[in-house]
Amino acid sequence: MNSQQIAALEVQDLTVAYHEKPVLWDIDITVPQGLLTAIVGPNGAGKTTLLKAILGLIKPAAGQVQIFGQSYSRNRRMVGYVPQRSSVDWDFPTNALDVVLMGRYGSLGWFKRPGKKDHELAMTCLEKVGMADFANRQISRLSGGQQQRVFLARALIQDANIYFMDEPFVGVDATTEKAIVNLLKTLRDEGKTVLVVHHDLQTLKDYFDWAILLNVRLIGIGPVQDIITTDNLRVAYGGRGAEIGNALET
Amino acid sequence: MALIELEIILIAIVVASACAIPGVFLILRKMALMSDAISHAILLGIVLAFFVIKDIQSPILILGASIAGILTVALTELVIKTNRIKEDAAIGFIFPIFFSIGVILISKFAGDVHLDTDAVLLGEMAFAPFERFYIHDIDLGPKSLWVMGTILLLNLTFIGLFYKELKIATFDKALSKSLGFSPLLLHYGLMFLVSITAVGAFDAVGSILVVALMITPPATAYLLTESLSKMIGLSVFIGMISAVTGYGLAGLLDASIAGSMATMTGVIFLLAFIFSPNRGVYVQLVRQRQQKLTFASHMLTVQLFDHEGQKEEAWENTVSNMIYHMGWSPKFAKQVTAVAIQNKLITRQKDHLTLTPLGRETAKTAMTL
Numbered sequence: 001m002n003s004q005q006i007a008a009l010e011v012q013d014l015t016v017a018y019h020e021k022p023v024l025w026d027i028d029i030t031v032p033q034g035l036l037t038a039i040v041g042p043n044g045a046g047k048t049t050l051l052k053a054i055l056g057l058i059k060p061a062a063g064q065v066q067i068f069g070q071s072y073s074r075n076r077r078m079v080g081y082v083p084q085r086s087s088v089d090w091d092f093p094t095n096a097l098d099v100v101l102m103g104r105y106g107s108l109g110w111f112k113r114p115g116k117k118d119h120e121l122a123m124t125c126l127e128k129v130g131m132a133d134f135a136n137r138q139i140s141r142l143s144g145g146q147q148q149r150v151f152l153a154r155a156l157i158q159d160a161n162i163y164f165m166d167e168p169f170v171g172v173d174a175t176t177e178k179a180i181v182n183l184l185k186t187l188r189d190e191g192k193t194v195l196v197v198h199h200d201l202q203t204l205k206d207y208f209d210w211a212i213l214l215n216v217r218l219i220g221i222g223p224v225q226d227i228i229t230t231d232n233l234r235v236a237y238g239g240r241g242a243e244i245g246n247a248l249e250t
Numbered sequence: 251m252a253l254i255e256l257e258i259i260l261i262a263i264v265v266a267s268a269c270a271i272p273g274v275f276l277i278l279r280k281m282a283l284m285s286d287a288i289s290h291a292i293l294l295g296i297v298l299a300f301f302v303i304k305d306i307q308s309p310i311l312i313l314g315a316s317i318a319g320i321l322t323v324a325l326t327e328l329v330i331k332t333n334r335i336k337e338d339a340a341i342g343f344i345f346p347i348f349f350s351i352g353v354i355l356i357s358k359f360a361g362d363v364h365l366d367t368d369a370v371l372l373g374e375m376a377f378a379p380f381e382r383f384y385i386h387d388i389d390l391g392p393k394s395l396w397v398m399g400t401i402l403l404l405n406l407t408f409i410g411l412f413y414k415e416l417k418i419a420t421f422d423k424a425l426s427k428s429l430g431f432s433p434l435l436l437h438y439g440l441m442f443l444v445s446i447t448a449v450g451a452f453d454a455v456g457s458i459l460v461v462a463l464m465i466t467p468p469a470t471a472y473l474l475t476e477s478l479s480k481m482i483g484l485s486v487f488i489g490m491i492s493a494v495t496g497y498g499l500a501g502l503l504d505a506s507i508a509g510s511m512a513t514m515t516g517v518i519f520l521l522a523f524i525f526s527p528n529r530g531v532y533v534q535l536v537r538q539r540q541q542k543l544t545f546a547s548h549m550l551t552v553q554l555f556d557h558e559g560q561k562e563e564a565w566e567n568t569v570s571n572m573i574y575h576m577g578w579s580p581k582f583a584k585q586v587t588a589v590a591i592q593n594k595l596i597t598r599q600k601d602h603l604t605l606t607p608l609g610r611e612t613a614k615t616a617m618t619l
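For the protein sequence lines, the chains are A and B, in the order given. Taking my numbering, I'd label the letters of the first sequence as residues 1 to 250. Taking my numbering, I'd label the letters of the second sequence as residues 251 to 619.
Derived from the structure by calculation, the hints contain no laboratory data. There's no promise every hint is true.
Stated by the list, open to error - According to the in silico footprint, chain B covers these stretches of chain A (three or more CB under 8 Å from chain B):
#, stretch
1, 47-60
2, 67-80
What the hints assert, rightly or not - Here are the simulated DSS-like cross-link-like pairs (lysine-lysine), alpha carbons at most 27 Å apart as the crow flies:
#, chain 1, residue 1, chain 2, residue 2
3, B, Lys480, A, Lys117
4, B, Lys594, B, Lys614
5, A, Lys21, B, Lys423
6, B, Lys336, B, Lys427
7, A, Lys128, B, Lys427
8, A, Lys112, B, Lys427
9, A, Lys128, A, Lys116
10, B, Lys427, A, Lys21
11, A, Lys117, B, Lys614
12, A, Lys128, A, Lys178
13, B, Lys594, A, Lys128
14, A, Lys116, B, Lys427
15, B, Lys427, A, Lys59
16, A, Lys117, B, Lys423
Stated by the list, open to error - Partial pick of chain A residues on the chain B-facing surface, computed with a CB cut under 7 Å:
#, residue
17, Trp90
18, Pro93
19, Thr94
20, Leu97
21, Tyr105
22, Gly115
23, Arg137
Glycine residues also receive a C-beta, built at the ideal position from the N, C-alpha and C atoms.
Please model the complete structure; the sequences and the hints are all you need to start from.
Okay, here's the thing in structure tokens:
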């Protein structure tokens with residue numbers, strides 16, 4: 001099939017700068033379809049910035065982004081986005097089901113309100129993340145792990161072809177982490193492309209197929225074992241990287 | 251009740267409802283202070299628009315003045331973006347400049363017009379019914395009722411049309427942008443509503459009290475409900491109640507109607523702040539106390555369990571030893587013991603405490619935590 005040959009994500013010469021300081025420098029990335037890819041790098045490496053630039057949330061100084069061969073604004077409907085959990089105010093007066101429904105707003109477009117079918121869909125997605133019993137719970141009364149599951153359900157309802165997730169494992173318990181990983185793998189097995197900002201190098205091999213190693217510049221992209229080498233980690237993390245690399249190998 | 255009184259109450263209700271609607275989103279966007287900035291800056295807009303149009307009654311004047319509100323927001327955000335000054339400072343220095351230029355212009359050039367500094371700050375609701383709205387010499391009621399009624403309708407229409415879009419842009423701006431909605435457009439749409447509402451309410455309540463009507467009812471509703479649609483409805487309702495009771499209070503005290511209305515919003519807020527079933531201070535205190543006592547009663551079972559059947563039990567497992575050993579005050583020890591007995595964790599003979607089977611289980615669970 002022809003569509004299989006189109007890259008899910010293609011980033012060319014992407015540079016992002018805050019004032020005069022570059023945050024991302026000349027990034028070239030091609031991610032094929034159907035892979036579970038981690039975006040890793042030290043703090044301040046530009047991981048979140050990369051996601052935001054791809055999604056058009058910040059304006060790059062230079063470069064192009066293509067999603068399935070088209071610009072982001074044309075293929076918006078194919079993209080699902082899970083921001084960092086801490087980026088929203090969980091005291092907002094709404095419940096879990098309503099947050100999941102927000103994932104449908106894109107397909108509904110302006111003015112149209114979610115209907116009965118959307119509600120059923122939202123319940124199905126909550127079930128998939130094991131949160132059906134919490135549908136009517138006010139979101140501030142959910143634990144960190146539960147909030148993250150709600151965010152994932154909201155991404156699921158978007159029924160996207162490519163997902164971008166920003167640190168979905170931060171502040172969640174071990175059970176939730178396992179559940180999220182299984183969900184990501186299910187998505188991958190269904191042929192979806194998933195990119196996840198991640199910071200735990202220990203779990204990279206178990207969780208992901210590919211890794212994008214980043215520190216302002218692109219250090220490596222490809223299968224996890226090819227990318228996470230002692231040499232690459234030294235480049236990304238400095239002297240500490242060698243220690244991490246050795247620790248990972250033993 | 252005389253017709254004029256009824257008209258004043260009606261105006262008060264409409265003003266309060268119209269203010270509460272955009273206020274909900276100001277609160278949720280943590281922009282409450284922006285209403286203060288807008289309500290002051292529009293004075294300059296009103297004066298300038300008056301110089302151009304030369305008619306204090308013209309609807310174009312309302313529109314022109316609203317633009318001043320939006321410009322204030324835009325300018326403030328521009329200054330914040332330079333990263334040279336923080337948000338609160340930017341808000342705090344821009345609107346007073348606009349406001350003070352407005353004040354100077356009024357005192358210098360508009361002394362003989364219906365615009366004086368007292369009215370600017372506090373408004374005068376009691377005079378509102380004297381400005382009538384005529385079509386072909388037919389009296390259609392107070393003009394401000396028509397103006398504010400139109401603004402209320404505008405607010406309702408905007409929120410009704412863009413409810414879903416405003417909700418997602420407020421809760422998760424990044425997602426709303428990535429889905430193709432324009433948070434920026436909605437933001438300025440909302441700022442326009444705040445401005446035009448503030449201009450419309452200006453005559454009746456002035457530039458300071460309009461802030462109370464915009465912010466306090468939604469802040470109260472926020473404490474009382476956990477759904478956005480209910481928060482909007484409740485805010486309007488609280489605004490209306492404040493209007494009616496405020497009018498009553500003003501009559502009682504022979505004081506400013508707008509001032510009394512604003513006072514009532516504060517009183518209602520205070521009640522919700524203390525007694526809200528979920529977020530109130532009272533419930534929170536009770537809950538914290540309960541948790542403290544429950545935890546202490548579990549500690550008590552562990553202490554009793556440790557010494558159960560030992561030779562020192564006779565003096566270890568007593569209320570007086572708890573006071574000594576746990577460092578509890580006699581009063582607290584008494585309360586903990588009472589809670590433990592009530593929950594059937596222990597029994598008491600005079601000073602001596604004995605675990606029940608349930609208490610033994612509780613101690614074991616507590617120790618494995």
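Each hint, compared with the structure:
1. 47-60: Since three or more residues must qualify, the claim that chain B covers the stretch 47-60 of chain A holds, with 4 doing so at under 8 Å.
2. 67-80: holds (count 3)
3. Lys480(B) with Lys117(A): holds (23 Å)
4. Lys594(B) with Lys614(B): holds (16 Å)
5. Lys21(A) with Lys423(B): Cα-Cα ~25 Å, so holds.
6. Lys336(B) with Lys427(B): holds (25 Å)
7. Lys128(A) with Lys427(B): It holds: about 26 Å lies between the C-alpha atoms, which stays within 27 Å.
8. Lys112(A) with Lys427(B): holds (17 Å)
9. Lys128(A) with Lys116(A): With a Cα-Cα distance of about 19 Å, the restraint between Lys128(A) and Lys116(A) holds, given a limit of 27 Å.
10. Lys427(B) with Lys21(A): holds (25 Å)
11. Lys117(A) with Lys614(B): violated (49 Å)
12. Lys128(A) with Lys178(A): OK: Lys128(A) and Lys178(A) at ~14 Å, within 27 Å.
13. Lys594(B) with Lys128(A): violated (41 Å)
14. Lys116(A) with Lys427(B): holds (25 Å)
15. Lys427(B) with Lys59(A): holds (13 Å)
16. Lys117(A) with Lys423(B): holds (25 Å)
17. Trp90: At about 9 Å, which exceeds the 7 Å cut-off, the nearest Cβ of chain B leaves the hint on Trp90(A) violated.
18. Pro93: holds (5 Å)
19. Thr94: holds (6 Å)
20. Leu97: With a minimum Cβ separation of about 11 Å from chain B (threshold 7 Å), the hint on Leu97(A) is violated.
21. Tyr105: holds (5 Å)
22. Gly115: Constraint on Gly115(A) not satisfied, violated at 12 Å.
23. Arg137: violated (9 Å)
Of the numbered hints listed earlier, those contradicted by the structure are 11, 13, 17, 20, 22 and 23.
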